[in-house]
Amino acid sequence: MRLAAAHPGFLTARDKVMTEHILDVQDIHTYIGQYHILQGVNVRVPKGGITALLGRNGAGKTTTLKSILGLTPPRQGSVVFDGQELRGLASFEIAALGIGFVPEHRAIFRELTVEENLRIAERRKGDYARKEAFIFSLFPDLQRLIGLSGGALSGGQQQMLAIARALVPDNRLLLIDEPSEGLAPVIIEHMMAAIRQLTAEATIVLVEQNFLVASQLAETYVIIEEGRSVQAGAMQELINDKATIRRYLGAA
Amino acid sequence: MNTFLRKNLLLIITLAVLAAFLAAASRNMEPSDFVITLLRGFSVGALTFLVASGFSLIFGLLDVLNLAHGTLFMIGAYVGWTLYVRPDTFVDLVTPLALLVSGFALTDGWRHLAARAPATGRLRRLAPWIGFGIAALLLAYILPRYPIAIWNVDDYAQSPVAYSLAASQGQAPLPPAATFKAIAPGAAVLGLLVSSALIALGLTLIRSSGQAGRPLTWRSFVRVTLLLLIGLGALRFNDALTAWFFALDTNWLFSVAVIVSVTSGAALGGLMEVTLIRPLYVRPIYQLMLTLGLSVIGTELVRAIWGRPEFTMPKPALFAGAGEGCPATSFGDWLTHYCSTIIVFDGRVRVYNEIFIPLVGLIVLISIWIVLKRSRLGMIIRAGVQDRQMVEALGINVRRVFTQVFALGVGLAALGGVLAAPSIGLSNTMGESFLLNALIALAIGGLTSYPGAALGSLLVGLLQQFMIKYGQIGIPIPFTDILFKPTPPIVPASTVLLMVIVLLMMPNGLLGKKE
Numbered sequence: 001m002r003l004a005a006a007h008p009g010f011l012t013a014r015d016k017v018m019t020e021h022i023l024d025v026q027d028i029h030t031y032i033g034q035y036h037i038l039q040g041v042n043v044r045v046p047k048g049g050i051t052a053l054l055g056r057n058g059a060g061k062t063t064t065l066k067s068i069l070g071l072t073p074p075r076q077g078s079v080v081f082d083g084q085e086l087r088g089l090a091s092f093e094i095a096a097l098g099i100g101f102v103p104e105h106r107a108i109f110r111e112l113t114v115e116e117n118l119r120i121a122e123r124r125k126g127d128y129a130r131k132e133a134f135i136f137s138l139f140p141d142l143q144r145l146i147g148l149s150g151g152a153l154s155g156g157q158q159q160m161l162a163i164a165r166a167l168v169p170d171n172r173l174l175l176i177d178e179p180s181e182g183l184a185p186v187i188i189e190h191m192m193a194a195i196r197q198l199t200a201e202a203t204i205v206l207v208e209q210n211f212l213v214a215s216q217l218a219e220t221y222v223i224i225e226e227g228r229s230v231q232a233g234a235m236q237e238l239i240n241d242k243a244t245i246r247r248y249l250g251a252a
Numbered sequence: 001m002n003t004f005l006r007k008n009l010l011l012i013i014t015l016a017v018l019a020a021f022l023a024a025a026s027r028n029m030e031p032s033d034f035v036i037t038l039l040r041g042f043s044v045g046a047l048t049f050l051v052a053s054g055f056s057l058i059f060g061l062l063d064v065l066n067l068a069h070g071t072l073f074m075i076g077a078y079v080g081w082t083l084y085v086r087p088d089t090f091v092d093l094v095t096p097l098a099l100l101v102s103g104f105a106l107t108d109g110w111r112h113l114a115a116r117a118p119a120t121g122r123l124r125r126l127a128p129w130i131g132f133g134i135a136a137l138l139l140a141y142i143l144p145r146y147p148i149a150i151w152n153v154d155d156y157a158q159s160p161v162a163y164s165l166a167a168s169q170g171q172a173p174l175p176p177a178a179t180f181k182a183i184a185p186g187a188a189v190l191g192l193l194v195s196s197a198l199i200a201l202g203l204t205l206i207r208s209s210g211q212a213g214r215p216l217t218w219r220s221f222v223r224v225t226l227l228l229l230i231g232l233g234a235l236r237f238n239d240a241l242t243a244w245f246f247a248l249d250t251n252w253l254f255s256v257a258v259i260v261s262v263t264s265g266a267a268l269g270g271l272m273e274v275t276l277i278r279p280l281y282v283r284p285i286y287q288l289m290l291t292l293g294l295s296v297i298g299t300e301l302v303r304a305i306w307g308r309p310e311f312t313m314p315k316p317a318l319f320a321g322a323g324e325g326c327p328a329t330s331f332g333d334w335l336t337h338y339c340s341t342i343i344v345f346d347g348r349v350r351v352y353n354e355i356f357i358p359l360v361g362l363i364v365l366i367s368i369w370i371v372l373k374r375s376r377l378g379m380i381i382r383a384g385v386q387d388r389q390m391v392e393a394l395g396i397n398v399r400r401v402f403t404q405v406f407a408l409g410v411g412l413a414a415l416g417g418v419l420a421a422p423s424i425g426l427s428n429t430m431g432e433s434f435l436l437n438a439l440i441a442l443a444i445g446g447l448t449s450y451p452g453a454a455l456g457s458l459l460v461g462l463l464q465q466f467m468i469k470y471g472q473i474g475i476p477i478p479f480t481d482i483l484f485k486p487t488p489p490i491v492p493a494s495t496v497l498l499m500v501i502v503l504l505m506m507p508n509g510l511l512g513k514k515e
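If you read the sequences in order, they're chains A and B.
The first sequence begins at 1 in my numbering and counts up by one.
The second sequence begins at 1 in my numbering and counts up by one.
Please keep in mind that the hints were generated in silico from the structure rather than gathered at the bench.
On a predicted model such as this, the values are computed, not experimentally measured, just so you know.
Where a beta carbon is used, it is the ideal one built from N, C-alpha and C, also for glycine.
Fair warning: there could be bad hints in the mix.
Claimed, not checked - Here are the simulated distance ranges between beta carbons: (1) B:Leu271 <-> A:Glu189: 53 to 63 Å; (2) A:Tyr31 <-> B:Gly293: 29 to 39 Å; (3) A:Arg247 <-> B:Arg219: 38 to 48 Å; (4) A:Leu148 <-> B:Ala304: 48 to 58 Å; (5) B:Leu248 <-> A:Leu148: 18 to 28 Å; (6) B:Ser375 <-> A:Gln197: 55 to 65 Å; (7) A:Gln236 <-> B:Val282: 23 to 33 Å.
As the list claims (entries may be wrong) - Selected chain A positions facing chain B (in silico; Cβ < 8 Å): (8) Leu69; (9) Pro73; (10) Arg123; (11) Glu132; (12) Ile135.
To be verified - Subject to a maximum C-alpha distance of 27 Å in a straight line, what follows is the list of computed DSS-like cross-link-like pairs (lysine-lysine): (13) B:Lys513 <-> A:Lys131; (14) B:Lys513 <-> B:Lys373; (15) B:Lys513 <-> A:Lys125; (16) A:Lys242 <-> A:Lys125.
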C-alpha cells in the first residue's frame, strides 16, 4: 500500500486526485530580505510514511519547511495541507491545523523545564496528560530528566525533547529538520528507531544531510538544488541511481 | 551548595560590598534616621520597580524599548488623581467611551461582512476612508456638544488642583454638572454608535485578507449588550452616579481610582501596541523613535489637560488620620486611629509612603513572579523571550501575547503612577525621572531579568534616599575630620555611578543572563 502511495508522479497534471497527498507544495517562491531563496519548489507528500528533502547545504531545504509553516511566507505558489490552502494564514494558525515542527538546532526553551517544554506545546487542555505515556515509551530518558531545565540537556536529549514536544498535540504532519545533526552514531540509531515508530501517528517530512540516515528512513524523496526542486520519486530507485546521488548530493 | 557559591560569586561579593557600605554608612546615623531612610528607599524602590518590571517584561518579550513608559506612569497618576478629586468627569466619560468601543465588539460580524464584499476595486479601497471621514465629522460635531465636566486649565477655581486642595481640607464641593448643548441626547448616542461602527468596519475592511471569518458568536452579542448597558446606564443615571461617587468614603474612592487607573493604563497600552507598535516590529529604530515621540506627546497632553502646577493627591482616610492618638506608637494603635504617621525607633514614619507602598510593591513582585512561574501565560512569556518563532510554530498566537504583555507592563506603570500621586506628588516631570530610575535599575539588575529588575530598583531607591540623608547629616571621611555632604546633584549621579561600577564588573548586570 505504501509503495503505491510512494509514486506521486513528480510534476504531473494538477487534476491528480488531491486526497492521497496530505501536503501539496506547488511552485513556491520565497524571499528572505532581498534574496530569492526558493525559486520554484514542488513537494508532494503522500499520506503516511516519510518523505525526505535532500540536497546540499544551503539548497533551500530548511527554508522550504519554514515556508510551509509560514515562518518565511512564500510570495508565490500554493501550499495545500489536507485540502486547505495555507498561504495567507499566520504561522500559529498553520501549526494549529495539526503540523508539528522540529527545527534545526532543536530550539529547546532553555529557561523552561523539560516538563514545561512539553506542556507549552499543548493545544487543548489535557494533551500532555494523554500523550505522556506514549512519549516516555519512545524516549524513556526524558522521564528521568523531567525536572531539569532545557538548557541543561545534552544535544541528543534536546533532540529527543524537540521531537517529543511536537508529539504533544495531535499533529497529522511532522516537519523534522536535521534530526541527526551533531549526534553520536548510537544516538542516531535510537533517533531513527523513534522516528520510524512515529509514522503510525503522523506523516513525516524529513530534512536530512546524512544520506545514509535519510535512505533508511524515507520511502519517497525530493531533491532541492539551488532553490528549485529538481527530482522526486521513490527512495528505492534513488538508492540505485548512483549518478543522481553523485550529482546532487555530493558523496554516495 | 559549593557550586551555587561558585556560580554566584560575583553577585555575592557585590551584595556583600553593598551591605558593608550600608553598614558603614549607618555608623554615625541615629537608628531612627537609618530606619526611616531604609523605608524611604524601599518606597522609591517599589515605585521604580513598578516602572522597571513592566519595561523589562516588554523589552524581554517584544524587544521594544518603550521610552514612553515614564509618561504612561505619569498618565496613570493623573488619571487616578482626577478620578479621586473629580469623579464626575469620569462618570461623564463612561458613556462616550463605552459607546465608541461597542462597535469593535462586533468585529467578528464586520469580518464576515468584509469577506462578502468584493475583494478588489476602487470602491472597496475607498470605502473605509469614506467611513472614517463620516465618523470624524460626526465626532467633531457631537463631542464638543456632549456634556463632559471638563475644567478649564486657566481657571484656577474650577481646576482639579482647586478641588484637590478642597478635598485635602475635608471639603468636597460639587462641581456644576455639564449639560447637552444644542443636541438631543438620543441623536448624540446614535451618532456615537454609528461612528464607532464605521471606524470598526473600516479597520476590518483594511485588514481583512478576503477570508471568511466566523459569523457573529453569542460572545460578541454579550459584549455589545454589556457595553450598551454600561454606556446608556451611565447616561441615564449620570447625576445619581456622580452624587454617589462624591459621597463615597475616600478609602473606597482611592481603591476605585487605583482600579480605573490600572485598567485605563492597560487599555492604553494594548491600544498602543496594536495600532502603533505592531506595524513597526520589522523596523526597531522607528519603534524607538515612535515611543520617544509618544512620550513627548503624552507629556504635552498632560500639560494641556491638567496644566503645570505640581500637586500632591490627598491621601485616603485610612492613611490620613491626625489629631487625637496620633502619631500612633504601635500597629494596633494605628488600626484604631488610622494615623498618617507611626512612631518607629523614635522616628515618625509616614504609613502610606513608607509602609503601604513598599507592601504593594512586594505583593506585585510576588504575584507577577507566580504568574511568570506557574501560569501558561508566564510559560509562554519565558519561552518567547528566548525564541518567538518556535513559540509561534507550536500554534500559539504570539502577537496576542505581545498585546497582553504590553498591556500588563503599562498597567503596572499606571499602578506605580497612581500610588506615587499621594506620596511624591504629581508633576509634569515625574515620568522622566522614574523612567531614568527604572533604566538605571534595569542596567544594574540585568535588562530582561525579572528578579534583576526588583534588585536593581531596590538598590537605586536605597542609594538615592541614603544620599539625600547624607546631604543633611554628612559622611565623615575615614582618617580625616572632613565631613562630606553630598549636594543634591550628587543624588542622581550616585545611582549612575553605581550603574557604571556594576556594568564594568558584570556587563550583563547583577542577575542578567550571559548572552
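Okay, the hints, checked on the actual structure:
| no. | hint | verdict |
| --- | --- | --- |
| 1 | B:Leu271 <-> A:Glu189: 53 to 63 Å | 55 Å, holds |
| 2 | A:Tyr31 <-> B:Gly293: 29 to 39 Å | 31 Å, holds |
| 3 | A:Arg247 <-> B:Arg219: 38 to 48 Å | 58 Å, violated |
| 4 | A:Leu148 <-> B:Ala304: 48 to 58 Å | 56 Å, holds |
| 5 | B:Leu248 <-> A:Leu148: 18 to 28 Å | 53 Å, violated |
| 6 | B:Ser375 <-> A:Gln197: 55 to 65 Å | 34 Å, violated |
| 7 | A:Gln236 <-> B:Val282: 23 to 33 Å | 45 Å, violated |
| 8 | Leu69 | 6 Å, holds |
| 9 | Pro73 | 12 Å, violated |
| 10 | Arg123 | 5 Å, holds |
| 11 | Glu132 | 17 Å, violated |
| 12 | Ile135 | 15 Å, violated |
| 13 | B:Lys513 <-> A:Lys131 | 33 Å, violated |
| 14 | B:Lys513 <-> B:Lys373 | 17 Å, holds |
| 15 | B:Lys513 <-> A:Lys125 | 32 Å, violated |
| 16 | A:Lys242 <-> A:Lys125 | 49 Å, violated |
Of the numbered hints listed earlier, those contradicted by the structure are 3, 5, 6, 7, 9, 11, 12, 13, 15 and 16.
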